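Q: Sequence:
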Amino acid sequence: MSLYLDTSVLVAALTNEEETTRMQDWLGAQAPEDLSISDWVVTEFSSALSIKLRMGQITVTDRANSLAMFTRLRTESFGVMPVTSQNFRTAARFSDQYALGLRAGAALHLAVCADHGATLCTLDRRLAEAGPQVGLATTLL
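Under UniProt numbering, the residue at position 41 of the sequence shown is numbered 41, and the numbers go up by one with no gaps.
Treat the hints as calculated values from the structure; they're not laboratory data.
Fair warning: there could be bad hints in the mix.
Derived DEER-like restraints, expressed as beta-carbon distance ranges [claimed, not checked]:
#, residue 1, residue 2, range
1, Arg-103, Met-55, 18 to 28 Å
2, Pro-132, Asp-34, 28 to 38 Å
3, Glu-19, Gly-105, 15 to 25 Å
4, Gly-28, Arg-93, 31 to 41 Å
5, Arg-72, Ala-29, 17 to 27 Å
6, Arg-103, Glu-17, 32 to 42 Å
7, Gln-24, Gly-105, 16 to 26 Å
8, Glu-18, Arg-89, 15 to 25 Å
9, Gly-135, Thr-84, 35 to 45 Å
10, Arg-126, Asn-16, 23 to 33 Å
11, Ala-99, Thr-75, 32 to 42 Å
Bear in mind the structure is a predicted one, so any value in this text is a computation, not a measurement.
Cβ coordinates follow ideal geometry from the N, Cα and C atoms, glycine included.
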């Protein structure tokens, strides 16, 4: 089974948030070979940490430590799915379904999952609810 982790899961697991312990425990209970991210998650993770730093939620040292752990997980544990031009077109089709309320990044996560037949794992309720409406399996953690 291929489980695709969206950025919300990793930010919660690798920074100090309300869901940190639960996400760390959940990740630890999964088989590493089942876990995947995309190149888009790499971008979003860095962006999320920069936002947290600018807002004073983490320190420069916290950011460096979280990035180091993310890089280690990315290289040693997670499969990394490329983001293709077809994924962007699929994401646009998902975004065209305006009633879903998807932002571009969320639609791109779904498109990558569609391309790889992966189950999307997320802390984002809207994203988890949109998946089945476009024919994709999701898990709200």
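Q: For Glu-18 and Arg-89, compare the CB-CB distance with the range 15 to 25 Å and indicate the outcome.
A: At 36 Å between Cβs, range violated.
Q: Note whether the CB distance of Arg-72 and Ala-29 lies within 17 to 27 Å or breaks it.
A: Holds - the Cβ-Cβ distance for Arg-72 and Ala-29, about 19 Å, lies within 17 to 27 Å.
Q: Take a look at whether the Cβ-Cβ distance between Ala-99 and Thr-75 falls inside 32 to 42 Å.
A: holds, 39 Å
Q: The hint says 16 to 26 Å between Gln-24 and Gly-105; measuring C-beta to C-beta, is that right?
A: holds, 23 Å
Q: Are Pro-132 and Asp-34 spaced within 28 to 38 Å by their CB atoms?
A: violated, 20 Å
Q: Mind checking the hinted window 32 to 42 Å against the Cβ distance between Arg-103 and Glu-17?
A: Hint violated: Cβ distance 20 Å, outside 32 to 42 Å.
Q: Given the hint of 23 to 33 Å, is the C-beta distance from Arg-126 to Asn-16 inside that range or not?
A: Because 24 Å falls inside the window, the suggested range holds.
Q: Evaluate the given range 18 to 28 Å for the C-beta pair formed by Arg-103 and Met-55.
A: Hint holds: Cβ distance 19 Å, inside 18 to 28 Å.
Q: Okay, Glu-19 versus Gly-105 on CB: inside 15 to 25 Å?
A: 19 Å Cβ-Cβ, so the 15 to 25 Å window holds.
Q: If I claimed the Cβ atoms of Gly-135 and Thr-84 lie 35 to 45 Å apart, would that claim hold in this structure?
A: violated, 19 Å
Q: Could you check the hint for me, namely that Gly-28 and Arg-93 are 31 to 41 Å apart, CB to CB?
A: holds, 36 Å
Violation of the numbered hints given earlier is confined to hints 2, 6, 8 and 9; the remaining hints are satisfied by the structure.
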